[in-house]
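Undergrad: Build the full structure now, drawing on both the sequences and the hints.
2 protein chains.
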Amino acid sequence: MNNKNSFIIDSPLDMHLHLRDDDMLKLVAPLTSKYFSAALVMPNIIPPITTKEALLSYKQRIKEACKNDSFSPQLTIFFQTDYSYEFLKDIKDEIIAVKLYPFGVTTNSETGVASMDVDILRPVLESMEKLEIPLCVHGETKGFIMDREKEFLPIYESLAINFPKLKIIMEHISSEESITLLEKYDNLYATITVHHLMLTLDDVLGGMLNPHTFCKPVVKKPTDKEALRKLALCAHEKVMFGSDSAPHQKEAKECHDGAAGVFTSPIALQVLTQLFEENGKLENLNAFVSLNAQKIYNLIPTKKQIELIKEDFRVPQSYQYKNEEVVPLFAEQTLSWSIKSVKDKDDY
Amino acid sequence: MNNKNSFIIDSPLDMHLHLRDDDMLKLVAPLTSKYFSAALVMPNIIPPITTKEALLSYKQRIKEACKNDSFSPQLTIFFQTDYSYEFLKDIKDEIIAVKLYPFGVTTNSETGVASMDVDILRPVLESMEKLEIPLCVHGETKGFIMDREKEFLPIYESLAINFPKLKIIMEHISSEESITLLEKYDNLYATITVHHLMLTLDDVLGGMLNPHTFCKPVVKKPTDKEALRKLALCAHEKVMFGSDSAPHQKEAKECHDGAAGVFTSPIALQVLTQLFEENGKLENLNAFVSLNAQKIYNLIPTKKQIELIKEDFRVPQSYQYKNEEVVPLFAEQTLSWSIKSVKDKDDY
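Sequence order for the protein chains is A and B. Just so you know, our numbering puts 62 at position 62 of the first sequence, and the rest follows in order with no gaps. Just so you know, our numbering puts 144 at position 144 of the second sequence, and the rest follows in order with no gaps.
It should be emphasised that the hints constitute simulated quantities derived from the structure, not laboratory data. Beta carbons: idealized from backbone N, C-alpha and C, even for Gly. Please note that the accuracy of each hint is not assured.
[To be verified] Covered stretches of chain B (in silico footprint by chain A; criterion: 3 or more residues with CB under 8 Å from a CB of chain A, positions within the stretch not fixed):
| # | region |
| --- | --- |
| 1 | 194-202 |
| 2 | 205-211 |
| 3 | 215-229 |
| 4 | 248-256 |
[What the hints assert, rightly or not] Subject to a maximum C-alpha distance of 30 Å in a straight line, what follows is the list of computed DSSO-like cross-link-like pairs (lysine-lysine):
| # | chain 1 | residue 1 | chain 2 | residue 2 |
| --- | --- | --- | --- | --- |
| 5 | A | K150 | B | K142 |
| 6 | A | K230 | B | K221 |
| 7 | A | K150 | B | K34 |
| 8 | B | K142 | A | K230 |
| 9 | B | K4 | B | K322 |
| 10 | B | K34 | B | K221 |
| 11 | B | K310 | B | K281 |
| 12 | A | K250 | B | K250 |
| 13 | A | K322 | B | K281 |
| 14 | B | K142 | A | K221 |
| 15 | A | K250 | B | K230 |
| 16 | A | K150 | B | K221 |
| 17 | A | K142 | B | K230 |
| 18 | B | K150 | A | K221 |
| 19 | A | K221 | B | K230 |
| 20 | B | K150 | A | K142 |
| 21 | A | K221 | B | K221 |
| 22 | A | K230 | B | K150 |
| 23 | A | K142 | B | K221 |
| 24 | A | K150 | B | K150 |
[To be verified] Chain A residues, not near chain B, derived (Cβ > 12 Å throughout):
| # | residue |
| --- | --- |
| 25 | T51 |
| 26 | S72 |
| 27 | L153 |
| 28 | K184 |
| 29 | C255 |
| 30 | E283 |
| 31 | N284 |
| 32 | T302 |
TA: Following this line, the structure appears as structure tokens:
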């Protein structure tokens, strides 16, 4: 029952997630698998997922770490220019998309593509078009930090024009200018994170320096945040929730050389419910966190109902497992919505 | 002798310096006093310098920490709206300027002025005009981090118009727009730091997050850096070198709540020599680091000659004294100019 103090999200989907590996995987996977029906899992572990063997093995490790068969990990492979049609056809049923990283733009992207020249990418992208495999893109150049996404837009445009049957997902869009392009081409879609809806550069370095809000693409201006909020709150049919939750060891964030990534998995649904409620748009939340992605990816999620209630939720200082310790966004702050219960397939 | 491999700076002056207190003072003061003739010392220690007793006591502590009587600390007091003409007259010979901080804009500015309304500031500023005491200003609003200096420019303009005989120093200017205003009013001057000449926001968070390049005002866009370089390299007569070298404990920078400030005292002259040489402007370096400030502040420095040679200087990982450890800008990087020798007054 949805009333002003309670809200049910049906089968939430996180369409951009980093689960890492080893103990970190064991720490973070249950924090997603408990509350989400499925998640699109990024392939930029070390080494990145580029073979069928690595893919199947990683999927198995994820399933073991999740401890929850009502959660379905949707894997991706790391774009390489030499993937053959046969290779892609062979793995098609094991992946939901291929993820493209330009070289060196974010965490573990050192094996990303060196050139975004359409003709270099063409063979693989044409194969993907034929096989109907979507392309997820980290769309940033190596220019000035505040302009990287904007500078990448002509590349998105060129991809959209050259591969009209390819579904292209502009991942974690962070700037107002991306929205105009998103609306211009039928085959462009986008994910939006919690942190790009909630933060600006002021939250990184406007007061003290907060490494736990530092990510790529960096959170931007207040006008960018407002434009993204508008898009998410109306549950624009071309946008989906993708947390880009990206855990790093506390020590790898709080140091002289801090890693990029904001960890939001265990707080995402609470923050989104709070945001949509405060803006009087709760009726659009299910589209943003589930229905839109179902349509865009033709994904039929495992049924799962998350009941949120309007009760304070104190965000933990950190989440720990063995030697891994990860600090979430809004650590030690209080959110106004909590998760009350989860009904998964065994409850129906 | 100045040739292409050797350069002499006469009586360098650092017109914006944080020396802190206690063990930190003992660590950093000698790193400035050895190579500079004088420095304008900021009053935002804890508690800030607002009385004659505190001023004289701090000056004494600085002199003891400097261990060098060829260095002359030029003290400032922390602007308060209730300073009387008599108070300012009484301390005039002990200070070089009054420093104004808007409330809460940077480290230890919690006792800064709550309003920049000219009429609230008028009594003190009119006293300073009469007594010919310059005003140093941290010119930032509390707006979006990248716009704070730009948003403060109308306040500088209002001060310049309302107090035409007051020398107003726009401290650590960081954006292109400030230069236009600087040139518009005869009574506006500016300091420029090493880090605003060398860094952009990319050096803070374009790659990994580097807390040792985080400061207020934050380093900005490449176009801002270029505009500031142009101004410094021509040794514009209204600009002076002011390092804003602002030491913090390593642990206070590399944490979840990092302090703002870049520590540059021990590398400033080497970096500036390298910058001016690479741009073919060594002939302007003495004006930028000494002569301009002498004219603007009517300051006659203790004579001191610093000879720099074109030899690699490996910047230390950190500087330490007892429990204090401070990481300098460009730690563990190699600069192309080193300090070869210092001649102070005893050598003449």
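Undergrad: Does each hint hold? Answer for all of them.
TA: Outcome of the hint check:
Coverage of the region 194-202 of chain B by chain A holds in this model, with 3 residues showing a Cβ closer than 8 Å to a Cβ of that chain against a need of three. Counting residues of the region 205-211 of chain B whose C-beta lies closer than 8 Å to any C-beta of chain A gives 6; at least three are required, and the coverage claim holds. Coverage of the region 215-229 of chain B by chain A holds in this model, with 3 residues showing a Cβ closer than 8 Å to a Cβ of that chain against a need of three. Figure legend: the region 248-256 of chain B, annotated as covered by chain A; annotation consistent (4 residues with Cβ-Cβ distances under 8 Å, at least 3 required).
For the suggested pair A/K150 and B/K142, the alpha carbons sit about 26 Å apart, so the restraint of at most 30 Å is met. A distance of roughly 28 Å separates the Cα atoms of A/K230 and B/K221; the hinted pair therefore holds under the 30 Å criterion. A distance of roughly 47 Å separates the Cα atoms of A/K150 and B/K34; the hinted pair therefore is violated under the 30 Å criterion. For a cut-off of 30 Å, the pair hint linking B/K142 to A/K230 stands: about 25 Å separates their Cα positions.
The hinted pair formed by B/K4 and B/K322 fails the criterion: a straight-line CA distance of about 40 Å is larger than 30 Å. In summary, the hint linking B/K34 to B/K221 is not supported, as the alpha carbons are separated by about 33 Å, beyond the 30 Å threshold. Proposed proximity of B/K310 and B/K281 is supported: the alpha carbons are some 15 Å apart, at most 30 Å. The suggested pairing of A/K250 with B/K250 holds, with an alpha-carbon distance near 17 Å, which does not exceed 30 Å.
Straight-line distance between C-alpha atoms of A/K322 and B/K281 comes to about 57 Å, which puts the hinted pair past the 30 Å bound. Among the hinted pairs, B/K142 with A/K221 is consistent with the structure: their alpha-carbon atoms are about 14 Å apart, no more than 30 Å. In summary, the hint linking A/K250 to B/K230 is not supported, as the alpha carbons are separated by about 41 Å, beyond the 30 Å threshold. A distance of roughly 15 Å separates the Cα atoms of A/K150 and B/K221; the hinted pair therefore holds under the 30 Å criterion.
Proximity of A/K142 to B/K230 is assessed by CA-CA distance (about 25 Å); at most 30 Å being required, the pair is judged to hold. Restraint check: the Cα-Cα separation between B/K150 and A/K221 comes to about 15 Å, which is no more than 30 Å; the hinted pair holds. Between A/K221 and B/K230 the CA atoms are separated by roughly 28 Å; this keeps the pair inside 30 Å, and the hint holds. Taken as a hint, the B/K150 and A/K142 pair is honoured in the structure, with Cα atoms around 26 Å apart against an allowance of 30 Å.
For the given pair, A/K221 sits about 14 Å from B/K221 by alpha-carbon distance, which is consistent with the 30 Å threshold. Restraint check: the Cα-Cα separation between A/K230 and B/K150 comes to about 28 Å, which is no more than 30 Å; the hinted pair holds. Taking the CA atoms of A/K142 and B/K221, the gap is near 14 Å; set against the 30 Å cutoff, the hint holds. As the CA atoms of A/K150 and B/K150 are separated by approximately 23 Å, the hinted pair is consistent with the 30 Å bound.
In this structure A/T51 is separated from chain B by more than 12 Å, as the shortest Cβ-Cβ distance comes to about 29 Å. Separation of A/S72 from chain B is adequate, the least Cβ-Cβ distance of about 34 Å exceeding the 12 Å criterion. Annotated as non-interface, A/L153 keeps its C-beta farther than 12 Å from every C-beta of chain B; the closest such distance is 19 Å. Listed as a non-interface residue, A/K184 keeps its Cβ farther than 12 Å from every Cβ of chain B; the least gap is roughly 28 Å.
A beta-carbon of chain B is positioned within 12 Å of the beta-carbon of A/C255; the least distance is around 5 Å. Distance to chain B confirms A/E283 as a non-interface residue, since its nearest Cβ pair spans about 32 Å, more than 12 Å. Look at A/N284: its CB is around 28 Å from the nearest CB on chain B, clear of 12 Å, so calling it non-interface holds up. The claim that A/T302 is not at the interface with chain B holds, since no C-beta of that chain comes within 12 Å of its own (minimum 36 Å).
Against the hints set out earlier in the document, violations occur for numbers 7, 9, 10, 13, 15 and 29.
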